[in-house]
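Participant: Here the protein sequences come in this chain order: A and B.
So the first sequence is numbered by UniProt numbering: it starts at 1 and just counts up by one.
So the second sequence is numbered by UniProt numbering: it starts at 1 and just counts up by one.
For the record, the hints were derived by calculation from the structure and aren't laboratory data.
Treat each hint with caution, since some may be false.
[What the hints assert, rightly or not] Calculated pairs, DSSO-like style, for lysine-lysine (alpha carbon to alpha carbon, straight line, at most 30 Å):
| no. | chain 1 | residue 1 | chain 2 | residue 2 |
| --- | --- | --- | --- | --- |
| 1 | B | Lys90 | A | Lys111 |
| 2 | A | Lys161 | A | Lys41 |
| 3 | A | Lys43 | B | Lys121 |
| 4 | B | Lys121 | B | Lys90 |
| 5 | B | Lys121 | A | Lys41 |
| 6 | A | Lys41 | B | Lys153 |
[Unchecked claim] Estimated spans, in silico, between C-beta atoms of each pair:
| no. | chain 1 | residue 1 | chain 2 | residue 2 | range |
| --- | --- | --- | --- | --- | --- |
| 7 | A | Pro122 | B | His34 | 13 to 23 Å |
| 8 | A | Pro72 | B | Ala43 | 43 to 53 Å |
| 9 | A | Trp65 | B | Arg138 | 34 to 44 Å |
| 10 | A | Pro36 | B | Ser102 | 44 to 54 Å |
| 11 | A | Ile57 | B | Thr185 | 53 to 63 Å |
| 12 | A | Leu98 | B | Thr106 | 20 to 30 Å |
| 13 | A | Val133 | B | Ala74 | 51 to 61 Å |
| 14 | A | Pro36 | B | Asp72 | 48 to 58 Å |
| 15 | B | Thr136 | A | Pro122 | 22 to 32 Å |
| 16 | B | Gln27 | A | Pro36 | 33 to 43 Å |
Note that beta-carbon positions come from the ideal geometry of N, C-alpha and C, so glycine has one too.
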Amino acid sequence: MISSARYSLPAIALHWLMVVLLIGLFTLGLYMHDLPLSPDKLKLYSWHKWAGVTAFILALLRLAWRLGNRPPPLPAAMPRWQKAASHGMHHLFYVLMLAIPLSGWLMSSAKGFQTVYFGVLPLPDLLARDKEVGELLQTVHEYLNLTLAALVVAHVGAALKHHLFDRDDVLSRMLPFRDRA
Amino acid sequence: MNPLRLVLAALVVASGPASAREFSEFQSAKSTLHFVSRQMGVAVDGRFTKFSATLAFDPARPAAATARLEVDLASVDAGSPDADDEVVGKPWFNVERFPTASFVSTAIRPLGGDGFELIGKLTIKGKTQEVIAPFTFRQDDGNGVFDGAFVLKRLDFGVGDGVWSDVTTVANEVQIRFHIVASPTASGN
């Protein structure tokens, strides 16, 4: 089919950039968490934090772009409940893309490790050092990430379902290349 | 020493006996010993919760003053439970073999005003280095309060060797900040 309404190029670029970044961040976070303390662990934590700040900035850009540019409409044939579910999920994605790095930033402050972007630009500590608050925020950071992971599974599942079973353009309009089908 | 300082020093010495007040009773609960390390470019605060000082300081006669500090290295708070466990181990303090770090003053010089300079030998992990630490002295509520800081190079003492000797991860320079409170000598004046 001809996909007349595609996402805008910036929206597509930001989407796939964040796919790569968030999968990397998630995997690194899971891996580094249980490592014994070593110089490598300190490096990985720093890289995770720098990538997290980058993801936060990209999420803000993405939100700004989204607010100024409506995405193409969902297929008219989609049941109303599916449209509602889709909108709800996308809202939740934006909330999580902002809340996850924010919780990491706050956790770092509470644990007494300031975030210094690329080792150069210090981010202000929004919280004072407090061990219990730090542990609470770590739990929050973990659960927000698990929620994001579950949401990603549902998102990918829905996209594939649209592409393979409904055979509509919901997936292809977000692909970085034009669908030749 | 410039002439003005000499005159001042002479005045201080001359007026010494009249205002002589020696501070020597270490107030453990009011004193703190902090350090700032840099990990991946990020300053991380740490401290030692157990340390003791033996000192005798009369601001009027700083040259006669002495100070000695003993730090229980196992009392370290290095910023995180992970780091606390790590830093007492062999590559860092190796507290099993070297439970304490010590500082013994060799000279105390007036810098003018309430500023002084503490010079002495710092021994950590069996290695001794001379350190020079500027500090200020003030009297607060009848107590003598000493605030000073200096920077040491951890590798001079073999602290954090092996994989940790890479100073791009944990910087070689560590700032030490001391806040020592002492009350006047009991039999003083």
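Participant: Each hint: holds or not?
Facilitator: Each hint, compared with the structure:
| no. | hint | result |
| --- | --- | --- |
| 1 | B:Lys90 to A:Lys111 | holds, 25 Å |
| 2 | A:Lys161 to A:Lys41 | violated, 40 Å |
| 3 | A:Lys43 to B:Lys121 | violated, 34 Å |
| 4 | B:Lys121 to B:Lys90 | holds, 23 Å |
| 5 | B:Lys121 to A:Lys41 | violated, 34 Å |
| 6 | A:Lys41 to B:Lys153 | holds, 22 Å |
| 7 | A:Pro122 to B:His34: 13 to 23 Å | holds, 19 Å |
| 8 | A:Pro72 to B:Ala43: 43 to 53 Å | holds, 48 Å |
| 9 | A:Trp65 to B:Arg138: 34 to 44 Å | violated, 57 Å |
| 10 | A:Pro36 to B:Ser102: 44 to 54 Å | violated, 31 Å |
| 11 | A:Ile57 to B:Thr185: 53 to 63 Å | holds, 60 Å |
| 12 | A:Leu98 to B:Thr106: 20 to 30 Å | violated, 57 Å |
| 13 | A:Val133 to B:Ala74: 51 to 61 Å | violated, 27 Å |
| 14 | A:Pro36 to B:Asp72: 48 to 58 Å | violated, 25 Å |
| 15 | B:Thr136 to A:Pro122: 22 to 32 Å | holds, 27 Å |
| 16 | B:Gln27 to A:Pro36: 33 to 43 Å | holds, 39 Å |
Consistency note: the structure conflicts with the earlier hints numbered 2, 3, 5, 9, 10, 12, 13 and 14.
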